[in-house]
Amino acid sequence: MGLRRLRRLRRLARVRRRATRAASAGLEALPSSFNAQDVNCKVQANLDKSRTLGAQSRQNHTKTEQLLARTAVKRALPRYARINVLAPGLSWGHVQRQLQQSGHVFWRPSLHEKRAAACVSAGLQPPEGNKIYYRDVHLPELLVFKPMGQSHTDGELFDEGGLVFQQKASAFPAIALAPPPGAQVIDACAAPGSKTSQLAAMMKNEGQIFAFDRDGRRLKTMIELLQRRHVSCVEACEKDFLQVSPKNAKYQHVTHFLLDPSCSSSGMTAQQLTGDEVATLTANQQKVIRHAMRFPACQRIAYSTCSILDKENELVVQKVLSTAEGARFQLERALPWWPRRGLPVFPGTECCVRSTWEDQTIGFFLALFVRNETACKPAALLFGSLALFSNLLEAR
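Counting from 1, one number per residue, gives the positions in the sequence shown under the UniProt record's numbering.
Rather than coming from a laboratory, the hints here were simulated on the basis of the structure. Treat the hints with care, as some may be off.
[To be verified] Listed below are the simulated DSS-like cross-link pairs for lysine-lysine, each with C-alpha atoms no more than 25 angstroms apart in a straight line:
id: 1; residue 1: K146; residue 2: K74
id: 2; residue 1: K114; residue 2: K146
id: 3; residue 1: K220; residue 2: K250
From just these sequences and the hints, can you work out the full model?
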């Protein structure tokens, strides 16, 4: 490892250690310039505007209320683009030059600003300007742009897979799962494939990812996107993960499981589901986790939802841990540098991760299950996303 890259890794590690200590001390204060009330007001204003435009346009009038509700959230939160280390010839300098040619301006916060922002989940507060972009303080492989409708994010980098749109919280599960190159992984509910391509990047296209989804149309779209993103280690299968036998010899050496089953999506929409609909979802979520635990070589499971409801999050985890399958696993503290933790529903939820709109990303939940005999110290995950980004830190 080059001396220059090693220094950068150590500097980023120091920032994350400070964030971890702040999280342990309960520092949850958010910058006054970005709070829940502001985001809620923006979401409601965007939703009202979308409804008004829909009433005026015959084409937009056909949009569902759910789509309008999701779009309202997207227009209130920043856009994130992950630097795809699998893209041939891509370097940080190339990314900067391409964005500069399209009129974007790279913002460089001071070290003091980075240290302060790393201690709170809301992150950095950029200056005004729709062409401003910067690297996320928690996940340096993510570039942050203005919200949809304000930023201009198009061009060669996006079309050819050099940059991949992916919400910040959506990048958490793969980082927590941390499959090494050469690992065998199952992505149980893979489409549309953002997390799948992220896993492949972390694994450097070495090993095998079995990507399942029961929706053939979504799976076909995912395969096309993975090809565009230079992913070559994924075997896609149109099948319900619950119908995959743990006894199948093909999956006897799968050690890592990424589970992102259907949920209420309450963390990324202004519209909520009914109680009966949520109950159906939670039953399926428990089945998916328990099914993964039955695979003989399973060592690590990252369970995530884009929901803010404890019924789909902490309570699902609690119920799974009380089963025969769950007794062989325990929670590991995921992303110890992230300040916002799970709700105190039962002892141990501080191991879980949550995000809300206040954090400038979608509402999200993550729990990391680790087989009892393989549980490791939380400090071992301190370098979570640094492994993914290290290739870009070395001068080419």
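*Tell me, which hint numbers fail for this structure?*
Violated: none.
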